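*Asks:* Listed below, chain by chain, are the residues.
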Amino acid sequence: MTTQPRFAAVSRLLHWLMAPMIIAMLFIGVDMAASVSRRYDLFVSIHRPLGIAILVLCIARIVNRFINPPPDLPDTVPPLQRFAAKASHIALYALMLMMPLVGWGMLSAARYPIVLYGPVRLPPILPHDLTLYAWLRELHTVLAYLLFATFLVHFGAALYHGLIRRDGVFGSMTSWAQGSMHFARTNPASIQNSTQTPEP
Amino acid sequence: MKPFWFKAATATNPGLLVRLGAIGAVLLSVTGAFAYTGGWLSPSRLTPDRMMAAFRDANGTHVGFRRNHAKGVCVTGWFESSGQAAAVSKAAVFRPGRVPVIGRFALAGGMPLQPDAPNTVRSMALSFRPPGDEEWRTGMNNIPVFPVNSARGFYDQLLAFSPDPATGKPDPAKIKAFMAAHPEAARALTRIKKREVTSGFANSTFNSLNAFRFVDVAGGSTPVRWSVVPVQPVTADASEQSEAEDKNYLFDDLIAQIAQHPRQWRLIVTLGQAGDPTNDATQPWPEGRQRIDAGTVTIDRASSEDSGRCTAINYDPLVLPAGIEPSDDPLLSARSASYARSFTLRAEEEHEKLPSAVTPEEVQAGGKS
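The listed protein sequences derive, respectively, from chains A and B. Counting in our numbering, the final residue of the first sequence is number 200, and the numbers go up one at a time with none missing. Counting in our numbering, the final residue of the second sequence is number 1369, and the numbers go up one at a time with none missing.
To be clear, the hints were calculated from the coordinates, so they are not data collected in a lab. Values in this document were obtained by computation on a predicted structure and should not be read as measured data. Treat the hints with caution; some may be incorrect.
As the list claims (entries may be wrong) - Below 25 angstroms or equal to it, Euclidean Cα-Cα: the simulated SDA-like pairs (lysine to any residue) are:
id, chain 1, residue 1, chain 2, residue 2
1, B, Lys-1353, A, Pro-49
2, B, Lys-1353, A, Leu-126
3, B, Lys-1353, A, Arg-111
4, B, Lys-1090, A, Asp-75
5, B, Lys-1090, A, Pro-49
6, B, Lys-1353, A, His-128
7, A, Lys-86, B, Lys-1090
What the hints assert, rightly or not - Ranges of calculated distance between the beta carbons of each label pair, as one might list FRET restraints:
id, chain 1, residue 1, chain 2, residue 2, range
8, B, Glu-1287, A, Leu-17, 51 to 59 angstroms
9, B, Thr-1031, A, Leu-17, 39 to 47 angstroms
10, B, Gly-1083, A, Pro-123, 46 to 54 angstroms
11, A, Val-142, B, Val-1121, 31 to 39 angstroms
12, B, Pro-1100, A, Pro-123, 14 to 22 angstroms
13, A, Ala-84, B, Ile-1175, 25 to 33 angstroms
14, A, Ala-149, B, Arg-1301, 20 to 28 angstroms
15, B, Gln-1114, A, Gly-156, 48 to 56 angstroms
16, B, Gln-1114, A, Val-142, 51 to 59 angstroms
17, B, Ala-1238, A, Ile-46, 30 to 38 angstroms
Said to hold, decoys possible - Residues of chain A clear of chain B, computed beta-carbon distances all greater than 12 angstroms:
id, residue
18, Arg-6
19, Ala-9
20, Met-18
21, Val-30
22, Ala-60
23, Phe-155
24, Ala-157
Backbone N, C-alpha and C fix where the C-beta goes; we use that ideal spot for every residue, glycine too.
Take the sequences, apply the hints, and build the full model.
*Replies:* So, in structure tokens, the structure goes:
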């Protein structure tokens, strides 16, 4: 058994920057859709620029994934879980990218202004068309629920790796400590390995 | 059959079930919080869907139409800014010059085929289109104040005035209970009943009712309400005959008048002072507040909603350019959220929509039905 390598620092930074943004976005979105209270206006004015920020970061993250490929899963992870991990990550990336694009497109099709802040607006990316809007608005909701479900799977799997398997997969994204891994304690071999090769 | 890792792990790790339980509890809590935020666990929470259901109870189902102000016509024209409002708002629309407008005249209520009647609340919605992406949309009514000052009040009012299925008429006991629970509505309705009802759309004054804030170039913020005041001479309502002959008489008159020559309104901005209520649309502001003549709205073309440009527009009161901001009036969010849902519903139903009361042929014929 060997030490589970960590994600590159840039990858970890992007992950932890975007995680709270996406979770906030899901909660703000679902509240907006069920609110006629005063926070509706506030939440709409947060939802639009935050969505665009996620789009920009998501593109950066995809580029980064090619520059800094994620570490391989440990050999101990069975093939079905390996497949689930790969599929759920593809789903997460696809949804992170599609949600803001569908949102932008749907506002364009409704001819709502895409206000970022004050006078700063984005141009429409689709023609003003009610049928197109109705379709994209529905898609935005469906994708949001899918993203929430995929996030739950991702979060559950992370906790499962961290609390049950303790195979270093959790630490490969959460650990910021220099050198050794937090979750190596159930794995004496990895403690040995990591103490043998401390970072300079 | 338990997976191999489960057996292996339980054998070496007695705390496993606790940890599995903890993971389950965390995931359930997150899901519960999500469901709570989405209103699924709060049956009494007022949501846009429940607002739409109240409109359905009050008016029945009219597929493809706006859930409120369902009967209307589209118009186009322009706004010629006087430049006078530019001192209080940096919005491009107030710089001297002309911007196109796409508007809509309508009657309050969710019945798209209701016969025109003098006392039905009339509305004028405008979308100002200065160059660039900064649009300004406003929906105004020919009443001096709004009957309620909150989303809950609006919802209660809708339900209180809904026809009783047994009698087909609103239940007086429900109305009485509503008035008792909403004294602000009782006061506002007295003012609304006393308003001057003119002979038609063209000589009606339409008021923003909600307060907004104008922001100038230096960042200074002023509470405002606005009105469009007809240039056409005001004549009192004398509709008894036309009403009996033509169930679209208000719209037909407007169409005929616009066909004759363009109709005009002055955009009057009233500047509020400290202490003037900005969060209560049932309360008028004191007399004598400074008023600015921001320019003139000219309407020179009418068209049926079935072919007009206003149909695809949601006159959301929160579509504002930089230089106009929402006030703390809770009705602004309530209107915006409810309009958005109404807009989505009718967008979904677009292809099942029946013809509007005022058809393209009727407009073509110059407003004679």
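*Asks:* Does each hint fit the structure? Answer for all of them.
*Replies:* A quick look at each hint next to the structure:
1. B:Lys-1353 - A:Pro-49: violated, 35 angstroms
2. B:Lys-1353 - A:Leu-126: holds, 24 angstroms
3. B:Lys-1353 - A:Arg-111: It holds: about 21 angstroms lies between the C-alpha atoms, which stays within 25 angstroms.
4. B:Lys-1090 - A:Asp-75: violated, 63 angstroms
5. B:Lys-1090 - A:Pro-49: holds, 22 angstroms
6. B:Lys-1353 - A:His-128: holds, 19 angstroms
7. A:Lys-86 - B:Lys-1090: Roughly 52 angstroms between the alpha carbons, so the hint for Lys-86 of chain A and Lys-1090 of chain B is violated.
8. B:Glu-1287 - A:Leu-17: 51 to 59 angstroms: With Cβ atoms ~55 angstroms apart, the hint holds.
9. B:Thr-1031 - A:Leu-17: 39 to 47 angstroms: violated, 24 angstroms
10. B:Gly-1083 - A:Pro-123: 46 to 54 angstroms: The hinted range 46 to 54 angstroms is violated for Gly-1083 of chain B and Pro-123 of chain A, with Cβ atoms some 28 angstroms apart.
11. A:Val-142 - B:Val-1121: 31 to 39 angstroms: holds, 38 angstroms
12. B:Pro-1100 - A:Pro-123: 14 to 22 angstroms: holds, 19 angstroms
13. A:Ala-84 - B:Ile-1175: 25 to 33 angstroms: At roughly 59 angstroms between Cβ atoms, Ile-1175 of chain B and Ala-84 of chain A fall outside 25 to 33 angstroms, so the hint is violated.
14. A:Ala-149 - B:Arg-1301: 20 to 28 angstroms: The hinted range 20 to 28 angstroms is violated for Ala-149 of chain A and Arg-1301 of chain B, with Cβ atoms some 50 angstroms apart.
15. B:Gln-1114 - A:Gly-156: 48 to 56 angstroms: holds, 54 angstroms
16. B:Gln-1114 - A:Val-142: 51 to 59 angstroms: violated, 36 angstroms
17. B:Ala-1238 - A:Ile-46: 30 to 38 angstroms: violated, 52 angstroms
18. Arg-6: holds, 22 angstroms
19. Ala-9: holds, 27 angstroms
20. Met-18: Holds, because the least Cβ-Cβ distance between Met-18 of chain A and chain B comes to about 17 angstroms, which exceeds 12 angstroms.
21. Val-30: violated, 4 angstroms
22. Ala-60: holds, 26 angstroms
23. Phe-155: Violated, because the least Cβ-Cβ distance between Phe-155 of chain A and chain B comes to about 7 angstroms, which does not exceed 12 angstroms.
24. Ala-157: Ala-157 of chain A is in fact no farther than 12 angstroms from some Cβ atom of chain B, at 10 angstroms.
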